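Peer 1: Please model the entire structure based on the sequences and the hints provided.
Chain order of the listed sequences is D and B. Heads up: the first sequence begins at 155 in the working numbering, then just goes up one per residue. Heads up: the second sequence begins at 182 in the working numbering, then just goes up one per residue.
If you're looking for bench data, these hints aren't it; they were derived computationally from the structure. The structure presented is a predicted model; accordingly, all values stated were derived computationally and were not measured. Using N, Cα and C, we set each Cβ at its ideal position, and we do this for glycine too. Errors might be hidden in some of the hints.
Said to hold, decoys possible - Cβ-to-Cβ under 8 angstroms is the rule here; a few derived chain B residues that face chain D:
1. Ser-212
2. Phe-214
3. Gly-223
4. Leu-224
5. Asp-237
6. Ser-268
7. Phe-272
8. Ser-276
9. Tyr-279
10. Thr-280
11. Tyr-282
12. Pro-285
13. Gly-286
Take a look at the letters that make up each chain.
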Amino acid sequence: AQKVTQAQTEISVVEKEDVTLDCVYETRDTTYYLFWYKQPPSGELVFLIRRNSFDEQNEISGRYSWNFQKSTSSFNFTITASQVVDSAVYFCALSEAGGGGATNKLIFGTGTLLAVQP
Amino acid sequence: DAGVIQSPRHEVTEMGQEVTLRCKPISGHNSLFWYRQTMMRGLELLIYFNNNVPIDDSGMPEDRFSAKMPNASFSTLKIQPSEPRDSAVYFCASSYRYTQYFGPGTRLTVL
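Peer 2: What follows is the structure, given as structure tokens:
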């Protein structure tokens with residue numbers, strides 16, 4: 155069975171602090187995809203990153219970085235020098251590979267509410 | 182590209198009424214998903230289509246819910262009759278090879 159766990163319900167930091175959001179997943183598939191989405195107070199779901207199970211390279215995009223470790227089934231997300239605009243709910247999600255390149259459903263974690271105080 | 186388009190953005194209706202939510206996926210995307218978000222249950226898949234064909238509707242709560250995708254550029258989610266427990270934000274997402282892009286959502290309130 156697939157499952158995504160985001161143990162941190164809420165995190166509060168002060169602007170310019172670094173913060174790491176944890177994500178642990180479970181799957182029996184050998185090919186799968188991991189995602190992070192951001193949901194700001196306005197409510198839309200914004201895609202941030204996708205990682206393939208066969209690619210464990212960490213990724214950095216500006217102040218955002220992601221650490222994927224298959225050995226611990228984790229896909230953690232770090233924001234460096236946080237800003238007030240980073241305040242949002244962040245969802246980690248898992249998708250198993252569909253046949254023929256088709257997209258499969260997303261299994262979401264419960265989300266982590268990040269509040270960045272000025 | 183305009184992104185995924187959903188209408189209406191907000192819907193307030195009374196219990197027992199029929200509600201139809203609409204979605205236009207991103208052009209060229211071949212998969213379409215309907216999700217529901219509530220405080221109690223989080224984000225959950227209702228149904229999804231690949232190449233306009235329903236693949237998995239196991240998340241549809243009951244027979245009151247139905248979804249169609251008559252062509253590659255349009256899908257509807259219908260609730261008939263609606264109940265207060267259907268109040269939620271309904272998201273449509275589309276994808277081409279793995280990454281799903283979400284529409285802005287429809288906030289449904291059933292009184």
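Peer 1: For every hint, state whether the structure bears it out.
Peer 2: Going down the list of hints, with the structure as the test:
1. For the restraint placing Ser-212 of chain B at the interface with chain D, the shortest Cβ-Cβ distance is roughly 4 angstroms, inside the 8 angstroms limit, so the hint holds.
2. Because the closest C-beta pair between Phe-214 of chain B and chain D is about 7 angstroms apart, less than 8 angstroms, the hint holds.
3. With a cut of 8 angstroms, the hint placing Gly-223 of chain B at the interface with chain D holds, because the nearest CB-to-CB distance is about 5 angstroms.
4. Given hint, Leu-224 of chain B at the interface with chain D, holds; its Cβ is 4 angstroms from that chain's nearest Cβ, closer than 8 angstroms.
5. Given hint, Asp-237 of chain B at the interface with chain D, holds; its Cβ is 6 angstroms from that chain's nearest Cβ, closer than 8 angstroms.
6. About 15 angstroms separates the beta-carbon of Ser-268 of chain B from the nearest beta-carbon of chain D, more than 8 angstroms, and the hint is not met.
7. With its C-beta approaching chain D no nearer than about 6 angstroms, Phe-272 of chain B sits inside the 8 angstroms limit, and its interface hint holds.
8. Of the supplied interface hints, the one on Ser-276 of chain B holds, with its beta-carbon coming within about 4 angstroms of a beta-carbon of chain D, less than 8 angstroms.
9. Below 8 angstroms, beta-carbon pairs count as interface contacts, and Tyr-279 of chain B has one with chain D at about 5 angstroms; its hint therefore holds.
10. A hinted interface residue such as Thr-280 of chain B counts as satisfied when its beta carbon comes closer than 8 angstroms to some beta carbon of chain D; here the least separation is about 5 angstroms, so the hint holds.
11. Because the closest C-beta pair between Tyr-282 of chain B and chain D is about 6 angstroms apart, less than 8 angstroms, the hint holds.
12. For the restraint placing Pro-285 of chain B at the interface with chain D, the shortest Cβ-Cβ distance is roughly 5 angstroms, inside the 8 angstroms limit, so the hint holds.
13. About 6 angstroms separates the beta-carbon of Gly-286 of chain B from the nearest beta-carbon of chain D, less than 8 angstroms, and the hint is met.
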